[in-house]
Amino acid sequence: MMTLRQLSGRLGRMSAIALVIVLLFPAIASPSTVNGSATVKWRTNAIVKLTLTPNYFSGFGAVKAVIGTQPAPTHGPNAFLDGGSVDFGDIYSGESFLYKYAVHLSITTNSSTGFNLYGEGAADFYNQADGSSQPISQTVYYLPSTSGSPADPNTGFSPAFPFEKTAGVVAGNSYGTPPTITYSTYPAPIASSSVSSEDLYYDYELKVPAAATSGNYFVWIVYTVVAK
Amino acid sequence: MVAQSQQAVRVEASVAPNPLGTLLVSNLTSVTINATAGTTVVVPCAYTVTVNTAITYWLLDDGLYSDFAAVFPGADLANNTYISAPQPTATPFFVYSDDGGRWALREKSGGKQTYCVDLTLTVPVSVPGGTYSTNAVYTLYY
Numbered sequence: 001m002m003t004l005r006q007l008s009g010r011l012g013r014m015s016a017i018a019l020v021i022v023l024l025f026p027a028i029a030s031p032s033t034v035n036g037s038a039t040v041k042w043r044t045n046a047i048v049k050l051t052l053t054p055n056y057f058s059g060f061g062a063v064k065a066v067i068g069t070q071p072a073p074t075h076g077p078n079a080f081l082d083g084g085s086v087d088f089g090d091i092y093s094g095e096s097f098l099y100k101y102a103v104h105l106s107i108t109t110n111s112s113t114g115f116n117l118y119g120e121g122a123a124d125f126y127n128q129a130d131g132s133s134q135p136i137s138q139t140v141y142y143l144p145s146t147s148g149s150p151a152d153p154n155t156g157f158s159p160a161f162p163f164e165k166t167a168g169v170v171a172g173n174s175y176g177t178p179p180t181i182t183y184s185t186y187p188a189p190i191a192s193s194s195v196s197s198e199d200l201y202y203d204y205e206l207k208v209p210a211a212a213t214s215g216n217y218f219v220w221i222v223y224t225v226v227a228k
Numbered sequence: 001m002v003a004q005s006q007q008a009v010r011v012e013a014s015v016a017p018n019p020l021g022t023l024l025v026s027n028l029t030s031v032t033i034n035a036t037a038g039t040t041v042v043v044p045c046a047y048t049v050t051v052n053t054a055i056t057y058w059l060l061d062d063g064l065y066s067d068f069a070a071v072f073p074g075a076d077l078a079n080n081t082y083i084s085a086p087q088p089t090a091t092p093f094f095v096y097s098d099d100g101g102r103w104a105l106r107e108k109s110g111g112k113q114t115y116c117v118d119l120t121l122t123v124p125v126s127v128p129g130g131t132y133s134t135n136a137v138y139t140l141y142y
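Residue numbers (our numbering), protein chains in the order written: chain A, 1 to 228; chain B, 1 to 142.
Here chain A stands alone, though its shape is the one from the complex (with noise of 0.2 Å):
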């Protein structure tokens, strides 16, 4: 039968190898290195911020399509610099106007391989007055402008091209409230980036059929912005 002498010096003896195992440890794995590569994979959401400004530069507004001299720019009530409308004013049916720095659109991106830009409008140009429109594809159009230096070269008859109206999912669309639109199908761009951010600046025409009806008129124009 064994002690309890005799247990403490044997518990004190197994203590000391043990201890002397735990400190060789590391001694034996420091040989064994392996060298391997270990792949690691992540997944970045895509950002994509727009940004939208309205008459973004002095001189914005409506510019009677003339030929020769140009008239100076007016607007609407609603339109102000930096923001509000664009809003040509008091015009008459039948006749053509070009909308000098009507927006701007800066798009920052996270994709390396760019953008594809929508616009479209919500719905047709709508006569508040009498519940009548005219489709929007025969009264608003869009052209490239200038940031304003240089100034934007565009007269009322610069080559321009018309809005169409979504086929897409509209949801809040009134005179007080930006609509936003529900793609299942994108249409076709109206521009195209391969980089990542870039600033895109926008006169608009209008030219309102000479058989529309009068009263106050309104359409929104919606931008859509998806990463590539």
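Wrong hints could be hidden among the right ones.
[As the list claims (entries may be wrong)] Quick list of in silico lysine-lysine cross-link-like pairs, DSBU-like style, CA-CA up to 35 Å:
#: 1; chain 1: A; residue 1: 41; chain 2: A; residue 2: 165
#: 2; chain 1: A; residue 1: 64; chain 2: B; residue 2: 112
#: 3; chain 1: B; residue 1: 112; chain 2: A; residue 2: 41
[Unchecked claim] If you only want the chain A side, here are some residues facing chain B, beta carbon under 7 Å, derived:
#: 4; residue: 36
#: 5; residue: 88
#: 6; residue: 223
#: 7; residue: 224
Hints listed in this document are in silico derivations from the structure and should not be mistaken for laboratory results. Just so it is clear, CB atoms sit at the ideal spot from N, CA and C, and this is done for glycine as well.
Fit chain B to the known structure of chain A by using the hints.
Then chain B, alone, in the frame of chain A:
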């Protein structure tokens, strides 16, 4: 999920009847033609132009304000302007920006007349794919 961002801008105007609004009108304010480079497309009566006046003698000028692009001359678009039966051939549009700042005399007539305009577009094979635009301008002198 597609990463996208959306913003909207309101376009508005207060529209009144034009005192001269019926004097010279077109039934459309824009015409879209789909074409392939290297081909010719004819659009019969793409739009109409109406002079609506009792004045017995007037002149109607027309032309394009500018080319479609540097590599796509406006003269590649021809018109055949007629009242009831097309002319034997179509005529390339004058381009105001290229042709010395002048328009082409299209018609001399009087009273109310409505013209059909057939468009013939020939797209050079060298034109890159894309969207191009120009403005056709009509001016009435009386």
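These are the hints, each one checked on the structure:
For the hint pairing residue 41 of chain A with residue 165 of chain A, the CA-to-CA distance comes to about 42 Å; that exceeds 35 Å, so the pair is violated. Taken as a hint, the residue 64 of chain A and residue 112 of chain B pair is honoured in the structure, with Cα atoms around 26 Å apart against an allowance of 35 Å. Between residue 112 of chain B and residue 41 of chain A the alpha-carbon distance is near 74 Å, which puts this suggested pair outside the 35 Å criterion. With a least beta-carbon distance of about 35 Å to chain B, the hint placing residue 36 of chain A at the interface is violated under the 7 Å criterion.
With a least beta-carbon distance of about 4 Å to chain B, the hint placing residue 88 of chain A at the interface is held under the 7 Å criterion. Interface hint at residue 223 of chain A: satisfied, since its Cβ lies 5 Å from the closest Cβ of chain B, which is below the 7 Å cut-off. With a least beta-carbon distance of about 5 Å to chain B, the hint placing residue 224 of chain A at the interface is held under the 7 Å criterion.
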